[in-house]
Structures are given as structure tokens and as C-alpha cells.
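Chemist: The lines below spell out each chain.
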Amino acid sequence: MAEYSAFSLLKNALTGNKDWKPAWRKPDPKASYDVIVIGGGGHGLSTAYYLAKEHGITNVAVLEKGWLGSGNVGRNTTAVRSNYLLPQNTRFYEHSMKLWENLSHDLNYNVMFSQRGCLNLAHTPAQLDDYARRGNAMRHLGVDAELMSVDQIKRLVPALDVSGSARFPVVGGLMQRRAGSARHDAVAWGYARGADRRGVDIIENCEVTGFLRDGDRVTGVSTTRGEIRAKKVALAVAGSTGRVMQLAGISHMPIESHVLQAFVSESLKPIIDTILTFGMGHFYISQSDKGGLVYGGDLDGYNSYAQRGSLPIVDEVMSEMLALFPGLARVRMLRSWGGLCDMTMDGSPIITTGPLPGMYLNCGWCYGGFKATPASGWCFAYTIAKDEPHDFNAPFTLDRFYRGLIIDDKGQGATPRLH
Amino acid sequence: MLITCPYCGPRDVIEFTYQGDGNRQRPQPASQNLDAWNAYVYDRLNPAGDHNEIWQHSGGCRAHLRVVRNTITHEILSTEFARGGHKTESRS
Numbered sequence: 001m002a003e004y005s006a007f008s009l010l011k012n013a014l015t016g017n018k019d020w021k022p023a024w025r026k027p028d029p030k031a032s033y034d035v036i037v038i039g040g041g042g043h044g045l046s047t048a049y050y051l052a053k054e055h056g057i058t059n060v061a062v063l064e065k066g067w068l069g070s071g072n073v074g075r076n077t078t079a080v081r082s083n084y085l086l087p088q089n090t091r092f093y094e095h096s097m098k099l100w101e102n103l104s105h106d107l108n109y110n111v112m113f114s115q116r117g118c119l120n121l122a123h124t125p126a127q128l129d130d131y132a133r134r135g136n137a138m139r140h141l142g143v144d145a146e147l148m149s150v151d152q153i154k155r156l157v158p159a160l161d162v163s164g165s166a167r168f169p170v171v172g173g174l175m176q177r178r179a180g181s182a183r184h185d186a187v188a189w190g191y192a193r194g195a196d197r198r199g200v201d202i203i204e205n206c207e208v209t210g211f212l213r214d215g216d217r218v219t220g221v222s223t224t225r226g227e228i229r230a231k232k233v234a235l236a237v238a239g240s241t242g243r244v245m246q247l248a249g250i251s252h253m254p255i256e257s258h259v260l261q262a263f264v265s266e267s268l269k270p271i272i273d274t275i276l277t278f279g280m281g282h283f284y285i286s287q288s289d290k291g292g293l294v295y296g297g298d299l300d301g302y303n304s305y306a307q308r309g310s311l312p313i314v315d316e317v318m319s320e321m322l323a324l325f326p327g328l329a330r331v332r333m334l335r336s337w338g339g340l341c342d343m344t345m346d347g348s349p350i351i352t353t354g355p356l357p358g359m360y361l362n363c364g365w366c367y368g369g370f371k372a373t374p375a376s377g378w379c380f381a382y383t384i385a386k387d388e389p390h391d392f393n394a395p396f397t398l399d400r401f402y403r404g405l406i407i408d409d410k411g412q413g414a415t416p417r418l419h
Numbered sequence: 001m002l003i004t005c006p007y008c009g010p011r012d013v014i015e016f017t018y019q020g021d022g023n024r025q026r027p028q029p030a031s032q033n034l035d036a037w038n039a040y041v042y043d044r045l046n047p048a049g050d051h052n053e054i055w056q057h058s059g060g061c062r063a064h065l066r067v068v069r070n071t072i073t074h075e076i077l078s079t080e081f082a083r084g085g086h087k088t089e090s091r092s
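Each protein sequence line maps, in turn, to chains A and W. Heads up, the final residue of the first sequence is numbered 419 in our numbering, and it's a clean run with no missing numbers. Heads up, the final residue of the second sequence is numbered 92 in our numbering, and it's a clean run with no missing numbers.
This is chain W alone, in the form it adopts within the complex (with noise of 0.2 Å):
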């Protein structure tokens, strides 16, 4: 599997570090929702199919990716900046 680093161009998956499901919102910090912290925690959506996911070209530039992989077929269909890692909810 190669991922196409924004930096570093296609690069072999063992230079990467899988993060995982890039859906998630994290809560604000002080955020006292538990049910929010759970699903950040321990839900996951789990799809056979396209897969939003965060990983880390670890053994590279280090920078976070929000890569588009197809769970079924390993294809990779898009591949960017995570800029901000997980998502984070907005303040209000």
C-alpha cells in the first residue's frame, strides 16, 4: 500500500503510523458531556467501504494526514493535511 505524502510524494505504508478513525469529535476540554467523551473514546463508525482516517507520516516528514482509504479494496482516494488532527467541536 503506498500513501501519497502532500510532502513527500508516494511513500511505502511502513513509513506511516495508523491514528484511526478521523470522524471522531473530540470535546472541548472542559467539556462536562460525558455521553460526547464516550463516543470520542470508544465509538466508531467502522465502514466496509470509504474510511475518512488520520495517519501520521512517522517515519517521514511527521506531518498528520486525513487520508480517504477503501477498507474492501485498500485504495487510497484522497490524501491531504489533517490540520487539527481529530476534530475538535466548536466553541460556543
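Same shape as in the complex, but just chain A (with noise of 0.2 Å):
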């Protein structure tokens, strides 16, 4: 029976929730697994729980150098979407989205989904010819996409300034419905707990510190709780990719690490059910189920492993804010605070199995991790699995930048922080 359900909650309740058990354990680690996959975020443990869920390996041990869920996937801004214009893109991040839509079932966790809609603003008339284009890219890939209107718009988001003397007028926008937000740490904790169940142990507070090698081979891991070995050795560590992999002595990689901020403010009555983007800049923003407006812009812009931002930013994220939302200037930001982004220089993901024999490695989120969670960690379990990538995740690949086969949905080129 699921360990969650309407008549555990009332039992429960009746005797003082005093029988409910931990929802994962706190193992010590065993001198040796089938599978290693270090990082505790989202993808690592996404990756565990399908490891043991679709493909029944369950000697698997989850490395966190923190505690569970103290990195990005307790940083981000929740937006889950699935509007890309390139194929392989859109592919891999609709088969997220439909993860996504039996999540809370599929783990007996409420993931809190809520399918508000993502509505991208456009501010010139080529702007909205670009949004149609990717409109229809996406509906000929049977994701679900839309083109509005300014009346429409106004309709959707009453605050919303729409009117010709805006800062950067609204001419339309594209909105796909399915997309929506989720509550981040329950990700975590419902992966966890899933994962857990089926034999994972998550081990927290455990940091690598170094690769045991056989010749090239990558028989295991040395950490701050001594020296564990196991036959396949997977990296799901976002920002911290090049430092680990400096560990592994490959000291260069398709990637560089940024920092990004996010904001939330104090709570609101409801003022904007969906979740917004702004056309002439970079900012997005949302409502939490608290009331609280989450929001976010650009990257600070040079490499930085500091997990904290600078003011300009929050100065331009606050700017950008104001110029769609003018009747939002008195309201008080609550709290701030920085992820690292493991941008790529296409701006797309690498889940690869090596480059190591015995190595298998998922990185290079950029700014989009969260909404990736579920398929990452499919698309990565399977790779281990079975030592080559599914469909989905066959063009993610680390030597694409030597081949000439990038995957560059902006266009932006080989410079990371404009992705």
C-alpha cells in the first residue's frame, strides 16, 4: 500500500504522528557498490530511484558532499517547460514534461506540479515572428504551444503592463499551457524517499576528494568517509563538474561555471497565476503557493563557484520587474540568493557514458536543470544501465563540440554566458 494515502494521514493524525519513519536512512557507506552516482541533487537522485525502478539495480549509493537537496535543487526558480525550438530538445524535455505529469503518483509524493502555463512575452513584431516559428516547431513535435495576443494577454495577467506607453510594449506571446512549477525540495525528498525504498543509500555529508583508477579505469571513489569501489562511477554534480572532473585529471571541459540569482518577495494576494517571461531582457517571474513572487534575470556573467551574486544584477532584475509590472514597486524583496550554473558552450546538457572507462557523466544544466530532473535522470539510468544512451539522450553527448554537432537552441555560440 503506499506509504502515503488519505487513511495513514488520518491514522497517523489520530496518534499524534509519532509512527511515521524517516523518509530515507543514513547509511555508512559499504566498501563497494554496483553503481556510485555522486551527487545528492535532483538528477543524482532521479538517477537512482529509475536505476532501481526501471532497471532493478538497487546496490547503488547516492554521494552528497552537503546535505540532500542543499545545492541547485533547492536554488532554482521551479519553472518546469518543455518550449524548445530544436528537436533534440524538445524531445528530451517533453519526455520530462510527461514524467512530470504522473511525478506525484509515480513516487506517492505530492511534487505540488501545477500546470500554470509559461507565457513568453514578445515586444517587436520579429520577435513574435520567432515566437511563431518555434510555436510551430514545437506543435510539429506534438507539444502544445500557442500565439497570443495582446487582448488575451491582458485577460491572463491584469497586472501586466500592456498599454503602447510601457517601457518595451507587449505585441503578443507564446505561451505553452502544460508548463507549469513544482515544489523543489519535494522533488528531492520524493526521489529520495523512492530511491531509498528500493535499497539506495544516500549517503550525506560525504565529499570526494579523488578517483581510485585502474590505468584509465574508474574503479571507485576516495572521500571524506574513506575509500568506496564499485563498477560504474556516475557524475551528477552541475556546477562543481570542473572541479570534480580536475579530480579525474581532465583539467578541460566544454564548460564554465556561473553564478545565477533568484529573489522572492513577501506574499501576495494571487496576481499572477502563470508564469511569465520578459521579451526584452532576461527576467522571469512566478507565484509561489505562499504568495511570494519568485523571480530571476541573467547570469552575473563571469565565472564564479561562489554560490552568491552581486548587486548590478539584483539592480537589472528589479528594473526589469518594474518595466512589466510598474504596480509592483513598493513591494518589498523578502530574500536572494545564487546557484551555480554549469553553462556549456551550446547551452545544451551532456549525459554521456564516460569520458573515462567506468565513467559516466551528466552535466551541463545551464540555467534549466530543474525542468530536466525527471528525464535526466531516466535518460542518465538508462545510459548506465545498459552502457549507451537511449534516443533521448543520444545527441547529448561531450565530443558533439569537436564534431560539429551542437545543439544550440539561441544560436548564441561558443560563449556561455549568453546562453
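Mixed in with the good hints, there may be bad ones.
[Unchecked claim] One-sided excerpt, in silico: chain A residues whose CB lies under 7 Å from chain W: (1) D151; (2) Y305; (3) Q307.
[What the hints assert, rightly or not] From chain W, some residues computed to sit far from chain A (all C-beta separations above 10 Å): (4) T4; (5) G20; (6) P29; (7) S31; (8) Y42; (9) A48; (10) H51; (11) H57; (12) S58; (13) G60; (14) C61; (15) A63; (16) R69; (17) H74; (18) S78.
Since the hints were made in silico from the structure, they are not lab data. The C-beta atom is built at its ideal place from N, Cα and C for all residues, glycine as well.
Using the hints, build the complex out of the two chains.
Modeler: Here it is as C-alpha cells:
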């Protein structure tokens, strides 16, 4: 029977909520495993979950250097969408969307997935043409997309300044209604519990300090809690990819780590019931179930491992918010924070075998890792179990940069801070 | 973050444009060494710690600068004129 049900809630309520068992154990690491997943964020945990669920591989450890969910899975702005232009990205993110649509049921854990839509605003006729093209590309692959007029947008988001006197007047927008948001901590906790119940060891406060090698082959890791051997070692460390790869002797990657800030305001009555993106800068906003406006903007723009941002971007993000919503000028900002983004040279991720024998690599999520969490883990688990990629992640190789097979959705070139 | 421009003195980071990893080796234009071109275009050192990088004082004197900056603390350790931008491999 499902662990969480109306019946179990009632039973535990009547007995003072004393009988719940922890959502995951705190095991000590064993001497060896079939698979070690480095990184206890969303992607690492979903990888372990799908390894156990889809492939029956349960002798798995997830190693997390801090506490579970302390990295990007708890630092993102929870947007889930599959509105890409290029077919490689569209297919992958649409697979993710389909997993999201059934995720709470699959995990028996309410991830509060809310399909409230994602609306990209256009501010020039050329931009609207470009959105029409993207919408058509999405619909061609069976993804929902809808071009919206200013009147429709005005009805959907009454607080938005759609007047001709706005700083950047809105001329239309591209809507994906199936897009939405989810509770990010619940995603980490749900996957952790699902993996743990299937036998996966989730080992927190266990930092990888080196790789055990037999020639080229990776045979395990040394950690702050001792050496652990494994047949397969999988990396899902996002912004720390460069740092961890250097432990394996690989000094250069097609990746730069950048810091991205996010913000939340004080709680307001419902005012924005969709996810809105600004077309004349880098800004996006949604409203959480608690009422806080959750919003963010561009990268700080230089390499950083600091997990905190600088003030010029705070200023820019606030300006962009006020360009769209002059009425929010007196709303107070509650918190801001930063997360590390592993920006690739084409803005698309890497899920692949290698680059060393016995190693598997999942990285390059740029600022879009949260929405990919289910499909990333699903595809990575497939790749680890079968030693070959699934069709969904076959294009996301590491060597695509050197073979002329880049997947550059934005057409920006090899300048990671611009993707 | 303040960057000390050798001409203009300490200035706010918003006056500068980031041009990335300063360790990259640009092949000679006629080079047909694809590995070297690939490495120049796509490979990055991306260290957690001291990083040798190029900035331009685009909102000031427009000089290109070679800056050593710590990517964990954002502390700037040295600034000098870049003299040639990205390193170029020597003719041989």
C-alpha cells in the first residue's frame, strides 16, 4: 500500500504523528557498490530512483557532500516547460514533461506540480514571428504551443502593463499551457524516499576527494568517509563538474561555472497565475503557493563558484520587473540567493558514457536543470544500465563540440554566459 | 566587485565586459590543426580558485585587461594590460 494515503494520514493524525518513519535512512557507506552516483541533488537522486525502478539496479550509493537538496535543486525557480526550438531539446524536455505529469503519483509524494502555463512575451513584430516559428516547431513534435494576442494576455495577467506607453510595449506572446511549476524540495525528498525504499544508500556529508583508478578505468572514489569501490561511477554534480573532473585528471571541459541569482518577495494575494518571461531582457516571474513572487534574471556574467551574486544584477532584475509590472514598485524583496550553473558552449546538456572507462557524465544544465530532473535521471539511468544512450539523450554527447554537432537553441555560439 | 584599471584606477564591475578564460591559445589563422581550434573555441579551464581571465574596460578607457580573480571569493589578485588579448601560439 502507498506509504502516504488518506488512510495513513488519518491514522497518524490520531496517534499524534509519532509513527512516521524517516523518509530515507542514514546508512554508512559500504565498501563497494554496483553504481556510485556522485551528487545528491535532483538529477543524482532521480538517477538512483530510475536505476532501481526501471533497471532493477539497487546496489547503488548516492554521495552528497553537504545535506540532501543543498545545491541547485533547492536554489532554482521551479519552472517546468518544454518550449524549445530544436528537435533534440524538444524531444528530451517533452519526455521530461510527461514524467512530471505523473510524478506525484509515481513517487507517492506530492511534488505540487501545477500546470499553470508559461508565457514568453514578445515586444517586437520580429520577435513575435520568431515565437510563431518556435511554436510551430513545438507543435510539429506534438508539444502544445499557442500564440497569444495582447488582449488575451491582458485578460490572463491583468497586472501586466500592456499599454502602448510601457517601456517595452507587449505585442503578443507564446504560451505553453502544460508548462508550470513544482515544489522543488518535494522533488528531492520524493526521489530520495523512492530510491531509499528500493535499497539505494543515500550518504550525506560525504565529499568525493579523488577517484580510484586502474589504469584509465575508474574503479571507485575516495571520500571524506573512506574509499568506496564501484563498477560504475556516475557524476551528476552540475556547477561543480569542472572541480570534480579535475580530480579525475581532466583539466578542460566545454563548460564554465557561472552564478545565477534568484529572488522572492513578501507574500501577496494572487496576482500572477502563470510563469511570465520578459522578451527584452532576461527576466522571469511566477508566484508561489505561499504568495511570494519568485523571480530571476541573467547570470552575473563571469566565472564563479561562490553561490552568491553581486548587486548590479539585483538592480537589473528589479528594473526589469518594474518595466513589466509598475504596480509592484513598493513590494519588498524578502530573500535572494545564488546557484551555480554549469554553462556549456551550446547551452544544451551532456548525458553520456565516459569520458573515462567506468565513468558516466551528466552535466551542462545551464539554468534549465530543474525541469529536466525526471528525464535527466531517467536517461542517465538508462545510459548507466545499458552502457549506451537512449534515443532521447543520444545527441547530448561530450564530443559533439568537436564533431560539429552542437545543439545551440539560441544560436549564440561558444559564449556560455550568453545562453 | 571593483576592478583596478591600470589607467583609470578602481572602478565598479558594471563598467567592464567579461571576455572569459585568458588561458586559451588561439592558433595561427592559417592553422589546420583542428584539435587546436576545437580546444581554443570550446575547452575551458574553469577552475574553482584563481582564474586568469580577460576583461575589457568597455565603459571607460576601453583597454583590454588580464585579471587574476578568485572564482570562490571574487577577490581580484592582479590586473594588467592584456597586450594581445588571448594568447596566440608563436609562429614556427
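Chemist: Against the structure, test the hints numbered earlier, and report the numbers of the ones violated in rising order.
Modeler: Hints 1, 3, 5, 8, 9, 10, 16, 17 not satisfied by this model.
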